[in-house]
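Modelling step: build the complete structure from the supplied sequences, incorporating the hints.
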Amino acid sequence: MITTAVGNWKERTFLKWCLFVFAGAFIVAALSGEAQCQTQATGRSCVSCHESYVYRGEFPSSVHGNNGCTSCHTVRNIARHASGEEKPPLIKCGSCHGQIAADFKKDAHYLHQSFQCRDCHRKIHALKKAPGDPKVAVARSCTDCHSSEEYVDLGHTASVLKGNKDSATCSDCHSLHKTQSFHIGESASVERGRAYYTDRCKTCHGNAELVARNKLRPNVVESYEETYHGKIQRAGYPTQVAGCADCHGGHNTLSEEDTRSPVHPANLAITCGKCHSGTHPRFANFEAHPDYRDFKGKIALDITYLLMVGLLASVFIFFGVHTLLWWRRAYWHECEKGGGEPPTLTSGAACEEVPYVRRFSWRDRVMHVLLIISFLTLVMTGMPLKYSGALWAPQLFRLLGGAEMAGVLHRAAAAVLWGLFLYTCWLSYKFLFPKGQGVKGWVGRLFGPDSLCFNLKDWDDLKGMFRWFFNRGPVPKFDRWTYWEKFDFFAVFWGMTAIGLSGLILWFPEKSSYIMPGWLISVASLVHSEEALLAALFIFVMHFFHNHIVPGKFPLERNIFTGCNSLEQLIKERPSEYERIMAEGRLESMRCEYPGVWMNLFAGLFGLASVFIGLALTFLILWAVFHS
Amino acid sequence: MRKILKAAIVLVLLVFVAACVSEKPISEVPGELPATGLSRMMESERVLLVNTMSNIECMDHRIPGSLCLPCEEVGEKLGRLAGDKEAPVVFYCESERCYRSCLAAADARKLGYQKVYTLKGGLVGWKEAGYGTESPDRIPRQAVFSVRPSEAVSWIAKKKDVLILDIRSRDIFNQGHIQGAVNIPMHELHKRYGDIPQNRRIVVVDQNGYRSFLAASYLSRKGFGDVVRLLGGMDRWNQYQAVNKSGGKT
Numbered sequence: 049m050i051t052t053a054v055g056n057w058k059e060r061t062f063l064k065w066c067l068f069v070f071a072g073a074f075i076v077a078a079l080s081g082e083a084q085c086q087t088q089a090t091g092r093s094c095v096s097c098h099e100s101y102v103y104r105g106e107f108p109s110s111v112h113g114n115n116g117c118t119s120c121h122t123v124r125n126i127a128r129h130a131s132g133e134e135k136p137p138l139i140k141c142g143s144c145h146g147q148i149a150a151d152f153k154k155d156a157h158y159l160h161q162s163f164q165c166r167d168c169h170r171k172i173h174a175l176k177k178a179p180g181d182p183k184v185a186v187a188r189s190c191t192d193c194h195s196s197e198e199y200v201d202l203g204h205t206a207s208v209l210k211g212n213k214d215s216a217t218c219s220d221c222h223s224l225h226k227t228q229s230f231h232i233g234e235s236a237s238v239e240r241g242r243a244y245y246t247d248r249c250k251t252c253h254g255n256a257e258l259v260a261r262n263k264l265r266p267n268v269v270e271s272y273e274e275t276y277h278g279k280i281q282r283a284g285y286p287t288q289v290a291g292c293a294d295c296h297g298g299h300n301t302l303s304e305e306d307t308r309s310p311v312h313p314a315n316l317a318i319t320c321g322k323c324h325s326g327t328h329p330r331f332a333n334f335e336a337h338p339d340y341r342d343f344k345g346k347i348a349l350d351i352t353y354l355l356m357v358g359l360l361a362s363v364f365i366f367f368g369v370h371t372l373l374w375w376r377r378a379y380w381h382e383c384e385k386g387g388g389e390p391p392t393l394t395s396g397a398a399c400e401e402v403p404y405v406r407r408f409s410w411r412d413r414v415m416h417v418l419l420i421i422s423f424l425t426l427v428m429t430g431m432p433l434k435y436s437g438a439l440w441a442p443q444l445f446r447l448l449g450g451a452e453m454a455g456v457l458h459r460a461a462a463a464v465l466w467g468l469f470l471y472t473c474w475l476s477y478k479f480l481f482p483k484g485q486g487v488k489g490w491v492g493r494l495f496g497p498d499s500l501c502f503n504l505k506d507w508d509d510l511k512g513m514f515r516w517f518f519n520r521g522p523v524p525k526f527d528r529w530t531y532w533e534k535f536d537f538f539a540v541f542w543g544m545t546a547i548g549l550s551g552l553i554l555w556f557p558e559k560s561s562y563i564m565p566g567w568l569i570s571v572a573s574l575v576h577s578e579e580a581l582l583a584a585l586f587i588f589v590m591h592f593f594h595n596h597i598v599p600g601k602f603p604l605e606r607n608i609f610t611g612c613n614s615l616e617q618l619i620k621e622r623p624s625e626y627e628r629i630m631a632e633g634r635l636e637s638m639r640c641e642y643p644g645v646w647m648n649l650f651a652g653l654f655g656l657a658s659v660f661i662g663l664a665l666t667f668l669i670l671w672a673v674f675h676s
Numbered sequence: 638m639r640k641i642l643k644a645a646i647v648l649v650l651l652v653f654v655a656a657c658v659s660e661k662p663i664s665e666v667p668g669e670l671p672a673t674g675l676s677r678m679m680e681s682e683r684v685l686l687v688n689t690m691s692n693i694e695c696m697d698h699r700i701p702g703s704l705c706l707p708c709e710e711v712g713e714k715l716g717r718l719a720g721d722k723e724a725p726v727v728f729y730c731e732s733e734r735c736y737r738s739c740l741a742a743a744d745a746r747k748l749g750y751q752k753v754y755t756l757k758g759g760l761v762g763w764k765e766a767g768y769g770t771e772s773p774d775r776i777p778r779q780a781v782f783s784v785r786p787s788e789a790v791s792w793i794a795k796k797k798d799v800l801i802l803d804i805r806s807r808d809i810f811n812q813g814h815i816q817g818a819v820n821i822p823m824h825e826l827h828k829r830y831g832d833i834p835q836n837r838r839i840v841v842v843d844q845n846g847y848r849s850f851l852a853a854s855y856l857s858r859k860g861f862g863d864v865v866r867l868l869g870g871m872d873r874w875n876q877y878q879a880v881n882k883s884g885g886k887t
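So the protein lines, in turn, are chains D and Y.
The working numbering puts the first residue of the first sequence at 49, with every later residue one more than the last.
The working numbering puts the first residue of the second sequence at 638, with every later residue one more than the last.
Keep in mind that the hints were calculated from the coordinates and are not lab data.
Among the hints, a few may not be true.
[Claimed, not checked] Label pairs and their calculated CB-CB ranges:
#1 Y/Q812 <-> D/I347: 54 to 60 Å
#2 D/G254 <-> Y/R677: 44 to 50 Å
#3 D/E239 <-> Y/R677: 27 to 33 Å
Predicted model only: the values in this text are computed from it and were never measured.
Cβ coordinates follow ideal geometry from the N, Cα and C atoms, glycine included.
The following block contains the structure:
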């Protein structure tokens, strides 16, 4: 019995405990449930007063229908509120839609019109998710106010309304809750606006899949970036050039076949004329999106591209091989054999005791200094434009005082180079037709040993050098000018024809349209750009190697600054010239003093600085080429 | 001689120090106060903060504690306020350029206020800095249709029953306006909207399209059923006229 009683007591205690635990759990559950159900419960009480159909009928099925009234509207004292003494404070949509609210603080509608959420999301208590494509819903919502045909009847939004899900609706360009307003305020705002919208255009039109799906013209972004407009824009100076909307229009963007489009051929002159005044109508033939590789449209562009690529490739391949073989012969091969000093064409002798002979006159030296200054300036100011997408381009522009200042410096340097070129032409004329002799004997002078024109001996020397490269012969006996020096000289001549003329066209594009079609400006742009690359790399790699890197000259050949060679250097480097001088008895007249300390110092500092700048620019160019 | 030299040096130094210490009177050069500066000033001292937009705009959105005093009425009404003219007065308006607040600041200086400032960047600058506004009488925005100048011209040409309501200041209106336009400046609209006929389509015109939206919303709230606004205001209208000289007359 006792056992049974004890058992019953235990059983009752256990049951009590169970009941207690269950009751506790129930209370906890009820309390937590109350927290969840509070809004619903309060919601029901709200509609007992706020009894219109909006709250009773529409709100429960709206997008916020799962929330109770107090999710948004907070009332401290329901009795005071019911008696009209307490009004609920303004609702804060941001308490749930935090990111949108934060974005909206930067939105033009808020900043300039003090918009609130409900100004667009009207009928907030009956708000429903718009049926169909959200892009259409956005367009319809925006056009409640921005209801001009300018925005929706034409262009992207019209396409959206017709059902194209790829086309841009208002928010794709302007964003939804961070709408920018660039057309008011100061110029900095305009600058940001042009960059911003051009970037927005690039986002879609640079998407190859989207472009293919919609049968749009491919490579419009890349081809825009090939032009002066695109390059300057990329380099961070968008106010100075046309962005996408400047030519294609901001909202009523239409195909170029549409006569209402600003880029329709009939309207192009007016469109270009907005920025370019004083042009011939044929200026509008300019290729704003040149694709040099598609063999469509202006075939001249593609042919020019091929020619330029061929030119660059042949020069770099030939002189690349030439330089490598020379380097191998001069350094690597000899060092590998471990045999003494590397072979040189020259003598390193340079001191006050040895005799010196004149190689360059004051005029030549000054001309070369001017050439160096102008050439380095041209490369320094031009390359950040050519490689405007490179990381260093905007920095270099900034260092130079901006793209506009770089343009001024580029033109000033170009004017100096043009002056040097024309003066060289005059000197060449005087060399060929000296006073008193007229045209008599000009062919002999042209192909003579003192001329910079190629002759048969150069061909022999070239072959001789290749034999020497492969240890099959001695170094050729050079005369006054070697074939690579003549190539340098000729490169300037053809370079000035190509770079100089194309540069003039680009300098005066509006005026040039009176004598040539607009598309030639695109050709000029390509020629100028590629020829500049050829010139820069040739000078900074090949010319530097020939004159400063080879044994006996490293790190700098100073004779172009000092004007003198040692006699030993003349005998070793140019034995044929030495023999001619001796035969003609001119050695005494060519003797000169050892260049003084100041001249040597200037030569060293200026020369080394120039070489350093050139090599630095080469590094930047190669970085841009391989990075892209 | 040395004494003279020393005296001269001391004199020069004194002049230099005096020049550095002396402050330019603010009344001569009205300062531009950034939003953060205004906020700090409001915390530390009593500031007369004046919203120079219209009453409608000011009541719709303003910096908390602002006095609504339209630019056009500053000269007339600011003097009536019994206030400490040594206390700082800060004017602000809607736009970043603050043209109206600058005009008001000039009037305040004429009235003898010593510390006159304008808010840098106006109300936009205040909002951009992250500060809030208050809306004692907010006007719910309406979906106000905007018409392009070409469309407005065609309405006028067809002699449609359209009332061109120009809400710019009277003096600016007198310098040139759309033919047949009626001028009720924005700062008078809340008093004079009753003069506007209810049965006509109203085209609200402002300078650049930024004030007409609120004015049109205000009129809608007041029961005007057919209110639209001119896209881009008179700036856009004048551009259109320049391109199409055969269009409407100004």
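Quick rundown of the hints versus the structure:
1. Y/Q812 <-> D/I347: 54 to 60 Å: With Cβ atoms ~57 Å apart, the hint holds.
2. D/G254 <-> Y/R677: 44 to 50 Å: Distance hint for D/G254, Y/R677 holds at roughly 46 Å.
3. D/E239 <-> Y/R677: 27 to 33 Å: holds, 31 Å
Checked against the numbered hints above, the structure breaks none of them.
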